[in-house]
Structure formats: structure tokens, C-alpha cells
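Going down the list, the protein sequences come from chains R and A.
Per the working numbering, the first sequence starts with residue 23, numbered consecutively.
Per the working numbering, the second sequence starts with residue 525, numbered consecutively.
The reader is advised that the hints may include incorrect statements.
[As the list claims (entries may be wrong)] For lysine-lysine, the following DSSO-like pairs were computed, each having C-alpha atoms within a straight-line distance of at most 30 Å:
hint: 1; chain 1: A; residue 1: Lys598; chain 2: R; residue 2: Lys148
hint: 2; chain 1: R; residue 1: Lys120; chain 2: R; residue 2: Lys66
hint: 3; chain 1: R; residue 1: Lys120; chain 2: A; residue 2: Lys690
[Said to hold, decoys possible] Using C-beta positions, here's what the derived DEER-type ranges look like:
hint: 4; chain 1: A; residue 1: Asn549; chain 2: R; residue 2: Lys120; range: 49 to 59 Å
hint: 5; chain 1: A; residue 1: Asn671; chain 2: R; residue 2: Lys68; range: 45 to 55 Å
hint: 6; chain 1: R; residue 1: Asp60; chain 2: A; residue 2: Val618; range: 48 to 58 Å
hint: 7; chain 1: A; residue 1: Ser608; chain 2: R; residue 2: His104; range: 16 to 26 Å
hint: 8; chain 1: R; residue 1: Lys117; chain 2: A; residue 2: Ser614; range: 24 to 34 Å
hint: 9; chain 1: A; residue 1: Ser622; chain 2: R; residue 2: Trp88; range: 15 to 25 Å
In short, the hints are calculated from the structure, not lab data.
Heads up, the beta-carbon is just placed ideally off N, CA and C, and yes, glycines get one too.
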Amino acid sequence: MHCKVKLLLSVVFVFWASFGFAHEMTPAYPKFVTSYIDDVSVTKMKLFNRRDDVSYYKIEVWDNNWEPVPFASTNKIIKIGHNKSVSFDVYVQTKDLKYVVYICTISKNFKEDQKVTVIASRICSKID
Amino acid sequence: MLKKLAVISSLILTTPALAVNSPINGQVQAKCSIWTETQGVYGNPLPNKLDTLPASGGTHASIRVDIAQANFYKTSFTHPISFSSSPTLSDTVVWSGSTVVGQVSVTEMSAYEAAKVISPSNVTTFDMTLAGSTWFTVSSTALYGYNKSLPAGSYVAQIVAECIAK
Numbered sequence: 023m024h025c026k027v028k029l030l031l032s033v034v035f036v037f038w039a040s041f042g043f044a045h046e047m048t049p050a051y052p053k054f055v056t057s058y059i060d061d062v063s064v065t066k067m068k069l070f071n072r073r074d075d076v077s078y079y080k081i082e083v084w085d086n087n088w089e090p091v092p093f094a095s096t097n098k099i100i101k102i103g104h105n106k107s108v109s110f111d112v113y114v115q116t117k118d119l120k121y122v123v124y125i126c127t128i129s130k131n132f133k134e135d136q137k138v139t140v141i142a143s144r145i146c147s148k149i150d
Numbered sequence: 525m526l527k528k529l530a531v532i533s534s535l536i537l538t539t540p541a542l543a544v545n546s547p548i549n550g551q552v553q554a555k556c557s558i559w560t561e562t563q564g565v566y567g568n569p570l571p572n573k574l575d576t577l578p579a580s581g582g583t584h585a586s587i588r589v590d591i592a593q594a595n596f597y598k599t600s601f602t603h604p605i606s607f608s609s610s611p612t613l614s615d616t617v618v619w620s621g622s623t624v625v626g627q628v629s630v631t632e633m634s635a636y637e638a639a640k641v642i643s644p645s646n647v648t649t650f651d652m653t654l655a656g657s658t659w660f661t662v663s664s665t666a667l668y669g670y671n672k673s674l675p676a677g678s679y680v681a682q683i684v685a686e687c688i689a690k
């Protein structure tokens, strides 16, 4: 009986994990490597959007005190469809690397789409 | 002679089979997912009050956080202290709110509630020390001025749910 409950819970968990409105980002602990540009380092991140109410995410880079660190990416605001994933590179000047602690993505909502209290989701990876 | 030739040619023919690749595939999965299960709705129980309390006609926001690996993340919830869109307001709004642990997939996760840290007053942080799913309920109340009615219109406030690697 106990095993059956466990199995049922696993199935329910898998079902829930498959349908919903989630924001995910990998890796949890990215590493910067030397880029093809002198004195600039780069790391690759992957964003997965399972929120059907969100199509845009903003990239942020923070230091230990949650102060912004200058960075470059192809787009600082990423457009991404529902159930799609996007890989993006984050470039930071090598001299600023010692300050970089968090790389985050935060969901952006359109004002005109909002009819209820809106939940913005932010996921932050920590530099290893 | 014919036998020798047959052995040599069979050896030559079998050699390429040794070079067949056997790849190992893997996928890096997210260790923390934020699931926005229920968007909150403000009820308007009094002319000067907006409240997500069900008894006031509202709905609390429900956010699920899935942790695949224990002790890798902490989560923070920021309840609103301003409207992101509203009619023009001429008086101050007094905000209050809270974040509490709701359902849990592992019984021991109930301890998150006692261990939560509230700092500053509208940010509640939980240390996700266990793998599994935790549901968080976020409530919000806005009181307008003194004995004043809120202007008619649509009011929207934003909750921020965060997953931060430790």
C-alpha cells in the first residue's frame, strides 16, 4: 500500500512537473572562461520558459552586495516562447570578474496584460 | 594457404568493429524551478482597502518552488509595497503582507516556516535545505489614506519570487 502511494505521488509529481508555469535556468554554478575578445570573459547560460504568461526575461549580473556589474550579452532582454529554451552568453570584462557573484534572469510583464497581482520570477545562479 | 588467407581477411574485416563509438548522453537539469500556480487577486472589502484574503473576496498568490538538490538554493518572496499600475492616487497607501509555507512534499519542510527570515519587512527568505516541492502562500493588503475611497479602476501590484544559488 505504501509503495502504491509512493508511486501515485511520483506520477502526480511528474504530471505537475510537466504542466504549469515555471521559470528555470542552468547551470546553478557557472564558470567564466576566456572569450575570443581580449580581456573579456564569457559564460554560457540556458533559460527555460514554461510560463505561458511571460515572453520576456531580463538578464542581470550582480556583485555580493546586489550592486549591478557591467556586462554584455547579445540581448539584455530575451524574448522566449512558452515551453522554449534559449542559450545566451554573458560577457564580463576580466578585471570585473572578481566582483561577479550572481547571474540572474527575471521575468518581465506587460502592464496591459496585468489583470491580477502579478508574480515576477527571478532565478540567480552563483559564480563558482 | 587458403586457410591463412581466410583468417587474415576475417581479422581485417573485424577490426573496424572495435572502433564503434558508444556515446554517453546527459542533460543538465535545473535545480530550482519557480512555478506560479495561482496569481493573487485583490478583493475590495472596504472602500479604502484591497486585500487578497479570501474572506475579503480576494485570492492569495500561490507559488511552488521545486528543489532538485538539497542545500543548493534559498528562496525569497517580496510582497508589494506599491502598485505597478493603478489610477492616480492622491494619498498614501499603507501596505502589509506576508509569505507562509503552505503544502510541502516532504514533512520536514514544515520547519521552513519557523526558520524563515524577514528582512526587510516585505522580503521573506527561506533556506531550501531539502529536495522536493514547497508551496508558498503570499498575501497582500493595501489600505488607502484615512476614510478615503480608492478611486475606481484597475489595481495591479507585483510579487517577486526568487531562487538564489547559495
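To see whether the hints hold, each was checked on the structure:
1. A/Lys598 with R/Lys148: Judged against 30 Å, a Cα distance of about 12 Å means the pair holds.
2. R/Lys120 with R/Lys66: Distance ~18 Å between R/Lys120 and R/Lys66 Cα, so the pair holds.
3. R/Lys120 with A/Lys690: 17 Å, holds
4. A/Asn549 with R/Lys120: 49 to 59 Å: Cβ of A/Asn549 to Cβ of R/Lys120: about 36 Å, so the range 49 to 59 Å is violated.
5. A/Asn671 with R/Lys68: 45 to 55 Å: Roughly 53 Å apart at Cβ, these two residues keep to the hinted range, so it holds.
6. R/Asp60 with A/Val618: 48 to 58 Å: 54 Å, holds
7. A/Ser608 with R/His104: 16 to 26 Å: Because 22 Å falls inside the window, the suggested range holds.
8. R/Lys117 with A/Ser614: 24 to 34 Å: Distance hint for R/Lys117, A/Ser614 is violated at roughly 49 Å.
9. A/Ser622 with R/Trp88: 15 to 25 Å: The hint (15 to 25 Å, Cβ to Cβ) holds, given that A/Ser622 and R/Trp88 are roughly 23 Å apart.
Checked against the numbered hints given earlier, the structure breaks hints 4 and 8 and satisfies all the rest.
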